[in-house]
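Enquirer: Note that this note's numbering has the sequence shown beginning at 29, numbered continuously upward.
Keep in mind the hints are simulated off the structure, nothing from the lab. Heads up, the beta-carbon is just placed ideally off N, CA and C, and yes, glycines get one too. Where hints are given, some of them may not hold.
Unchecked claim - No more than 30 Å apart at the CA atoms, straight line, and that leaves these computed lysine-lysine pairs for DSS-like:
1. Lys-239 to Lys-533
2. Lys-348 to Lys-89
3. Lys-260 to Lys-226
4. Lys-348 to Lys-260
5. Lys-231 to Lys-436
To be verified - Using C-beta positions, here's what the derived DEER-type ranges look like:
6. Asn-64 to Gly-278: 16 to 22 Å
7. Ala-387 to Gly-69: 42 to 48 Å
8. Lys-466 to Gly-278: 47 to 53 Å
9. Lys-260 to Ser-161: 23 to 29 Å
10. Lys-260 to Ala-532: 34 to 40 Å
11. Glu-281 to Asp-55: 32 to 38 Å
12. Ser-161 to Ala-355: 38 to 44 Å
13. Ala-396 to Pro-152: 30 to 36 Å
14. Ser-161 to Ala-312: 32 to 38 Å
15. Lys-116 to Pro-68: 37 to 43 Å
16. Ile-461 to Val-282: 17 to 23 Å
17. Lys-466 to Asn-84: 46 to 52 Å
18. Gly-278 to Gly-109: 35 to 41 Å
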Amino acid sequence: MSFSRLTLGSLLLPALMAFALPVGAADTPFGVTLPNPNIPGYNFPEPEPVILGWVNNQPAKSSNIYLHGWGLWTSLNMPSGQSTFGLKNAPVYLTWKSKQELEALTVESVAANGEKAAKQKPAPRQLSLGPVSQHLKFGIRTTLDKAVKAATSTAAEAAPVPAPANGTTPTTPDATVFETVSYSPDASQWILQGGLFKLSTFKALYAQNQKEIPVFPNTAVSLKPVYKVISKNGGHLINGRYYAMPAWPGTPEVTQEIIDNGFPEQSWNAGCVYVDIQNKGPSAAKGTDASCKVPTPDSTYGLGDFVTIPVTADNLSQLKVDGLDVAVGDTLILVAMHVTSREIAEWTWQTFFWTPDPANPPTPSDKAVAAARPLGQLKGAPAHYAASFAYQMIAPNQPVDGGNNVGKPVIGYNPYLESGFNGAVFGVKVPVIDPATKVAWVGQVGVQTNCMTCHAMATVAMAPGAQNYYTTNFWIGRNDPLYNGTVQADFLWSIADVVGSQQAKQNN
29 MSFSRLTLGS LLLPALMAFA LPVGAADTPF GVTLPNPNIP GYNFPEPEPV ILGWVNNQPA
89 KSSNIYLHGW GLWTSLNMPS GQSTFGLKNA PVYLTWKSKQ ELEALTVESV AANGEKAAKQ
149 KPAPRQLSLG PVSQHLKFGI RTTLDKAVKA ATSTAAEAAP VPAPANGTTP TTPDATVFET
209 VSYSPDASQW ILQGGLFKLS TFKALYAQNQ KEIPVFPNTA VSLKPVYKVI SKNGGHLING
269 RYYAMPAWPG TPEVTQEIID NGFPEQSWNA GCVYVDIQNK GPSAAKGTDA SCKVPTPDST
329 YGLGDFVTIP VTADNLSQLK VDGLDVAVGD TLILVAMHVT SREIAEWTWQ TFFWTPDPAN
389 PPTPSDKAVA AARPLGQLKG APAHYAASFA YQMIAPNQPV DGGNNVGKPV IGYNPYLESG
449 FNGAVFGVKV PVIDPATKVA WVGQVGVQTN CMTCHAMATV AMAPGAQNYY TTNFWIGRND
509 PLYNGTVQAD FLWSIADVVG SQQAKQNN
């Protein structure tokens, strides 16, 4: 099967040419397009040669990558001028359609009329959150799955820590997170009008000897927001007021224990942070509580230190959390978000996670990344997050086709998404050879991963014996034999998962 990149001139569905991509921020049936944050030196979309110039001239140009990622984050969190999920002037990212919403539209309408259907049948929006899908894939069950079950039990069923001497009510830190996936307006249209959530589309592409779906426009962005749910009546509150959650300690040394079990949130060893649910504003805190027993001023944060979604009577019916009965008075706090844009062929990858002291974040972030935050434009709760970037798989960067694994790995992962991955998650592990020492490095677990490497394998297996794999951190050229018998999903696992689920049902 020959490899060729699909362009607008060779699309499976000519209807993809019918819509005009938005240029600036605008209200569309699929949400608000990215606004201009007016950050000096930041442009979106940035031409691919410019971004590759940064990638190929590091560390001198690393700050450009950092600024670009922070620019995307700033834009996503800017006020949209639109009310959604009961929030007036909600952040831009919340106006975007979710994977579940696009699945519903795909079922309701033919792909070529996706935009028309969205305009004519505006169903009430739903924010559906579930356990992190990555933790459940390929039949793998890690200790993270056990954490989900434990965290969704009642307060009476939970095993509290020993009561501290000062008489405060003990609690169990909440080690559970819930995710969703959403897409920029143009990416949503691309999916609907291209039928990219349909197994039939992949079958047609494979029959035409096409190795990948029509690639997204360079303005396309996909997100994976990750939340914790603070329940006012849940089992993770001290004295009914202080919500406890583990604090990320930074990238650990990889031991046999981590290879066997990963490094899930309940294993983090940096103590706890607390959220005062009665404080709607920010705090002055920057620390953690090593004992995980007693909230202190320096380990207690306000809701204003997080991007939040308060649960109200207005939005209760729109919020669905798998395994939890969300109630009025609860709060969803954003703890992490993967952000990827198709400004380059392999997409840009930046991931954000909440951190107690954003000016001094733990690895996989660092002070240089934090110093690049555009604090003149990035204000309030969104400035309380750390970032990690993966604009290449290894250094030096390799060509799109071919290339080799001589260089050094580039680590880029999110503690709330990948740290729990043990060695069994990854089906392919390729050594990266240091050119100076000739020593081979092999990524084995989640804290050694690279977003770009992993998403390069977002495929649907079409031929007998073909497989898709989770991968850690090494170079994969787009013509690699790993892709034999598959159709590539342009780096989006969410598409591969939707279509793969249809395929599994058809085969059963």
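Enquirer: It remains to establish, for every hint, whether it holds in the given structure.
Expert: Hints, one by one, checked against the model:
Taken as a hint, the Lys-239 and Lys-533 pair is honoured in the structure, with Cα atoms around 23 Å apart against an allowance of 30 Å. With a C-alpha separation of about 42 Å, the suggested pairing of Lys-348 with Lys-89 is violated against the 30 Å cut-off. For a cut-off of 30 Å, the pair hint linking Lys-260 to Lys-226 is broken: about 40 Å separates their Cα positions. Under the criterion of a C-alpha separation no larger than 30 Å, the hint pairing Lys-348 with Lys-260 is consistent with the structure, at around 17 Å.
For the suggested pair Lys-231 and Lys-436, the alpha carbons sit about 38 Å apart, so the restraint of at most 30 Å is broken. A C-beta distance of roughly 34 Å is found between Asn-64 and Gly-278, which places it outside the suggested range of 16 to 22 Å. Ala-387 and Gly-69 have their C-beta atoms about 21 Å apart, which leaves the hinted 42 to 48 Å range violated. The supplied range of 47 to 53 Å is broken by Lys-466 and Gly-278, whose beta-carbon atoms lie about 29 Å from each other.
A beta carbon spacing of about 28 Å between Lys-260 and Ser-161 agrees with the range 23 to 29 Å that was offered as a hint. At about 39 Å, the beta-carbon gap between Lys-260 and Ala-532 stays in the expected band of 34 to 40 Å. In this structure the supplied range 32 to 38 Å is violated for Glu-281 paired with Asp-55, their Cβ-Cβ distance being about 49 Å. Checked against the hint of 38 to 44 Å, the pair Ser-161 and Ala-355 fails, with Cβ atoms roughly 25 Å apart.
Distance hint check for Ala-396 and Pro-152: the Cβ-Cβ separation is about 44 Å, which falls outside the suggested range of 30 to 36 Å. Take Ser-161 and Ala-312: their Cβ atoms lie about 37 Å apart, and the range 32 to 38 Å holds. The hinted range of 37 to 43 Å is not satisfied by Lys-116 and Pro-68, whose Cβ atoms lie roughly 30 Å apart. Between Ile-461 and Val-282 the Cβ separation comes to about 19 Å, which falls inside the hinted range of 17 to 23 Å.
With their beta carbons about 23 Å apart, Lys-466 and Asn-84 fall outside the hinted range of 46 to 52 Å. A hinted range of 35 to 41 Å holds for the C-beta pair Gly-278 and Gly-109, which are about 38 Å apart.
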